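Work out the full structure: start from the sequences and follow the hints.
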Amino acid sequence: MILSQIDDLLIGQPKVFHANGTMSAMARTPVDRPVFLGKHGFVGDQVADPTVHGGADKAVHFYPAEHYPKWIAHFAAEDFVHPLLDQAGAFGENISACGLQEDNVRIGDQFRLGRAIVEVAQGRQPCWKLDHHFGVHGLSGAVISSGRCGGYFRVIEEGEVAPGDLIEQVHAAEHEWTIARSFHLLIGGGHRAVGATSELRALAALETMAESWRTRAAKLAG
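For the sequence shown, UniProt numbering begins at 1 and goes up steadily by one.
These are calculated hints, taken from the structure and not from any lab test.
Hints are supplied without guarantee of correctness; some may be wrong.
What the hints assert, rightly or not - With a straight-line Cα cutoff of 30 Å, these simulated BS3-like cross-link-like pairs (lysine-lysine) come out: (1) Lys129 x Lys70; (2) Lys129 x Lys219; (3) Lys15 x Lys39; (4) Lys15 x Lys129; (5) Lys70 x Lys15; (6) Lys129 x Lys39.
Quick caveat, the model's predicted, so the values are computed rather than measured.
Structure follows, in structure tokens:
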């Protein structure tokens, strides 16, 4: 069972993100107070495009704090120190914590965050906005190839959550569909492997998987 702690709790509002007028709330900032977590996310936290972000299956974006040193090393290999990696929030996450990594968190695992209970719904699929946020072409591709995607919680029980609160696993899903495995199959190219069709059908039938990813799995299965 996983037991961790919220290192940072971050919220944000949509702001002009690109010269073409595109909005984004990716630039979230840490708060030092309890925040109420409802079915569609934290009070005061919004998304710019609700057609692709937010909603019940993407209420809370979490990102493993362990990945930051890996990304620092990634940029160091190119003799570059990226200022966004100086603190949590670089990837637009609401929750930064250690211990919730893609290979040890399963779809359907449930956790207590403060007074709320959340459930893992899917991994996070990066898009061009991540590249633009960092000013680095190809970063979203590096996230996909590395599998360092983070994930999303849906909210099972609403309640206040604060920085420093424990993250306590209260239910372990009884299958082997980790975020890493499902992300590789649906986003990372695993669907092209021989024998992937049966896995795709199994994932499409997984009731705790986010509806959009179940639909994607079904389409890829043919």
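Right, here's what the structure says about each hint:
| no. | hint | result |
| --- | --- | --- |
| 1 | Lys129 x Lys70 | holds (20 Å) |
| 2 | Lys129 x Lys219 | holds (25 Å) |
| 3 | Lys15 x Lys39 | holds (23 Å) |
| 4 | Lys15 x Lys129 | holds (13 Å) |
| 5 | Lys70 x Lys15 | holds (28 Å) |
| 6 | Lys129 x Lys39 | holds (25 Å) |
Comparing the model with each earlier hint shows no violations; every hint is respected.
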